[in-house]
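Asks: As they're listed, the protein sequences go chains P, Y and F. With my numbering as the guide, the letters of the first sequence map in order to residues 1 to 223. With my numbering as the guide, the letters of the second sequence map in order to residues 1 to 220. With my numbering as the guide, the letters of the third sequence map in order to residues 1 to 404.
Check the hints yourself; a few may be wrong.
As the list claims (entries may be wrong) - Label pairs and their computed distance ranges (CB to CB):
# : chain 1 : residue 1 : chain 2 : residue 2 : range
1 : F       : A239      : P       : E19       : 33 to 43 Å
2 : F       : D255      : P       : E7        : 30 to 40 Å
3 : P       : S48       : F       : E253      : 28 to 38 Å
4 : P       : N64       : F       : T17       : 52 to 62 Å
5 : P       : E7        : F       : T138      : 37 to 47 Å
6 : F       : D179      : P       : D137      : 51 to 61 Å
What the hints assert, rightly or not - Residues of chain Y clear of chain P, computed beta-carbon distances all greater than 10 Å:
#  : residue
7  : Y35
8  : R58
9  : F65
10 : Q76
11 : D121
12 : D130
13 : K159
14 : G179
15 : Q180
16 : L185
To be clear, the hints were calculated from the coordinates, so they are not data collected in a lab. Computed from a prediction, not measured in an experiment: that's the story for all the values here. Backbone N, C-alpha and C define an ideal beta-carbon position, used for all residues, glycine too.
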Amino acid sequence: MSQHLVEKLKTKFGDRILETHSFRGDESVVVAPSDWHVVATFLRDDASCDMSMFTDITVVDYPNRDARFELVLNLYSLHKAHRLRLKTRLYDEVEFGDADPAHPTRVKTVTDLWAAANWFEREVFDMFGLRFDGHPDLRRILLYPEFEGHPLRKDYAADRTQPLVPYRPEAQDKLAPFRADEGMPFGRKDWAARDVAWSTDDIAHNEQHLAGAVVVDPAVKPS
Amino acid sequence: MGDVKSPSGQIVIDGNEQGFGTTKFDALLSWARKYSLFQYPFVTACCGMEYMSLNGPRFDGLARFGAEAPRFTPRQSDLLWVVGTISQRQAPVLKRVYEQMCRPNYVIAFGTCASSGGFYDNYATVPGIDKIIPVDVFIPGCPPRPEAVIDGLMLLMDKIASGDRTTPGVVKPYNDPVGQQLVQLGKRSPAEIGVGPQPRSTDVGPANTPAHALDRKESR
Amino acid sequence: MEPQDYDIDEADLELPTEAMRINMGPSHPATHGTVRMVIDVDGESIKHVDVQIGYLHRGFEKMCERGTWTQCFPYTDRLNYVSPMICNIGFAITVEKLAGIEVPERCQWYRTLLCELARISDHLTCNGAMAMELGAFTPFLWMIKARDHVWDLLEEETGARLTHSFARIGGMAKPPSPDVKARTEEVMLALDDILDECGKMLFKNRIFLDRLQGVGKITQAEALQLGWTGPPLRSTGIAYDVRRAHPYLKYAELDFDIPVGTDGDNYDRFMVRHEEMVQSIRIVRQCLQRMPDEGPINADAPGIVLPEKESVYTTIEGTIQHFKVIMEGAKIPAGEVYGYVEGGNGELGFFVVSDGSGTPYRVRVRPPCVFTLQGFPRMIRGHMIADIVPTFGSVNMIGGECDR
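This is chain P alone, in the form it adopts within the complex (with noise of 0.2 Å):
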C-alpha cells in the first residue's frame, strides 16, 4: 500500500536503505543506525511523504542475532493515510560499550522531529536498556529508579522480582507460585533456564521465592 514511499526512499537514499519488506500490506524498511536520524527526517519534511503522525517506537529483542535489537518505529501520514516501518538494528551496550563504530549500540533521538517520542523513548531504554542520543530526560518512565536490569530483554525471567518493601514475615506461609518448568511446558521460552534436579534446589528455590526474590544465575549464559 505504501509502496511509493519505499520507492521514493530507494530514490533518494540508495544504498543505505539496507533491506526493504512488504508483508501483508505493510511496508518496512531497514537502515543502518547512523543513517536513523536523517531518514526520519526526510520523512517528516519531504512533502510526498509527509509523515506527520508519530506512531509508535519499540524494539524486537532477538538475542540469537549479534545486532540483538531491532528498533521498530512506526510512522503515520495523516495527510496522505499511508504508513511506514522503520528500522534499524543495535547492539547491547552491555557487551559491546558504547564506542565501538562497528557495532552500534545508540541512535539520534527523534524527539526533535515529533515530541510524542519523548516517553517512548524513555520506556525503550526503560525495558530494553537502549540509549538515545540527545535525549532531553531519559530516565525510567514505568518502573521505579531502584529496578535493576531492563524486563522485556530475553534474558531476564519474568518472575524475577525486585521488591522495593520487604514482605512480611507473616505472609509466608503461602505457596510460592509456578516455577519456569512447571505447569503448561509451551511458551516457557526461559532464556537463562538452568537445568536442576527436582529435589533440593527445588526447596532452596520455593524458600527464595517465599523471601521475596527469585534469583536467576548470571553465570548462565542465555542458550
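With chain P's structure known, arrange chains Y and F on it following the hints.
Replies: Frame of chain P; chains Y and F shown alone:
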C-alpha cells in the same frame, strides 16, 4: 496484625457488673464501628470499575451499610479498600497509606490481584497485598461482581462484630459444584470445602433475579 | 517586645517567591487512574507538571510472551478496562492480519456491535467521572446506571461484565445469543433517554461551562506533534478516525458522523465524547438491522481456530486438532505486522511479531492515552490546581492501557 489490640481492652465498669458491662459495651462499640466505616478507596485498576458500579444506583453496596463516605485521607478513615493490582512501585505508597491510618483499621483486598497478584506472576506485581499489610477480608474475582463485594463487606462487618482479627475472611461462591461433587464422592469433608455465606433471603437466586427496570420515560 | 511595625518603603520590599513543588500522589481521589504528578506552582498557577506513570505497570508485553496466542486475550482485556471488547477485537484483528485469515460476515457484524457497545461504556465512564469531579454527582450516577445496562448486555453475550476475553483469533468464543437484538434495542432506547437527561442537566449549566471551556486548550499543530488520536485529536478539529480513514470490520458500510471540536479544550473533549456516544448508538442500531441471524462465526482456519465441539467429541481428527491448538497454541505464520483499531481513546495499535510457533514472540501495544497524557503538561500550564482535575479527566488516562 500483632499491633492490634482486641476491642475489649481494659474497660472497667463500676461495681460487680464488670464482665457484663464489658461485653455489652464491646457489642455497642462494634455495632457502631461496623455501621460507620469510613472508607479509603485505594483504587488502581480494573476492579475500580466494579467499585464504581458498586457505588452506583443499582447495587448501592456501600451506602446501605453506612460505609459510603469516602475519606480520601488515611488519617480520617478506618477501612482501606485496596482495589486493583498493586505493582512493586506502588507498594511503598500502599504501606505508607496503611501506616497513616489510625487503629483499629480494617483492610479489604478487593479482587484477585490484591489478594494474590492474580495472573500477573511477574517482576512488576506484588503477589498479594498481605505480603505488605495485614488483610481482613479477601474478595477474589477478576473483577468480583458487586454482589461478591457486598458479601465481603458483610463478612468484614461480621468479623468486626465478633472481634475476630486473627483469621482473614475469604469470600467464597455460594455454590461450589466441584467441591460438592468431591463431598459426594467422599474425597472431602464439607468443612474442607467451606461453602460461602448462604443467601439471606429465599427470593434471591438466578431464577428469581429481577430484570432491572430500564427506566424508560413511558414507564414513569 | 520589640515593635514589629516600623516604616518600610514599599519599593524595598521584595517578596521572595519560588515555585512550590506539590505532589499529587499516586493515590489521589480525583485522578482516575494511578499516576503521580509533581506540580510546580507559583501561587495558584501551574508552571510545570512532571507526570510520572508506571504505578500500574503489570508487564503485559512480557506476559504475552509466556503463553499461547489465545492466552493473550485476558491480558488485552485489562489494557483499556473500560472498553475491553475493543482491545480484544483489536488484538484478534491484528493476529488475523498476520495469519491472513478473514472472519465471516456474521462475525464482523457481531464484532462491530460489541466494539460500539464497549465504546459507549468507555465514554460513559469518562464523561461521568469528569462530571463527578466538577460536582455533578447525579449525572455520574445516571451514567453508571446506563453503563450497568450496557454491561448487562455484554454479560449476556460474553459471560462477564467487565473482562470478557471474548474474541478469538479467527472468530469469537461463542455465537450471539438468540435474543441479542431485542435486548440491545431496549438498552439503546434507555440510553437515548439517559444521555438526553444528562445533556439537559449539564450543557447549559454555568458552572459546567465555566469550568471546562477555555481550560486545557491545545492547538492542532501541538496535538499532531504529540501524536494524539481519538477524541482528544478530534476536539482540536482534525477529523481523523480510524473507522473512517482505514475502515475495518463493517465500518465502511455504516452510516455515522465523526464529531469534531474547534478549540481543543476540555469542553470540546467532553462534547466530542458525548456526541460519539450518540453516533455509536446509531451504529449499533444499524448493526442490529443488518447483522445476519445465521451463519458461521468462526473462520475456516484449521490449526488456528478450534474445531466444532461436535467433531471434537466424535472424530479423532477433531480431537487432535483441538488438542494441538490448545496445547501448542495457534500456529500463526512467522512475520510481523501492525494492526490498529479505533479504541476509546484513539488509535489502539498492536505490533505483533510471530516466530511461527504457538507463542507470540513479541506483542507491543500502542497505547493512545499515553500520547494524550504526554501533552498534559502543555495543556495545564498557566491554569490552576483545580483545573488539573477536569483536564486529567478529559485525557481519560486508563491505567491499564497507559502503564501496560
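Asks: Looking back at the hints listed earlier, which ones does the structure fail to meet?
Replies: 5, 11 and 12
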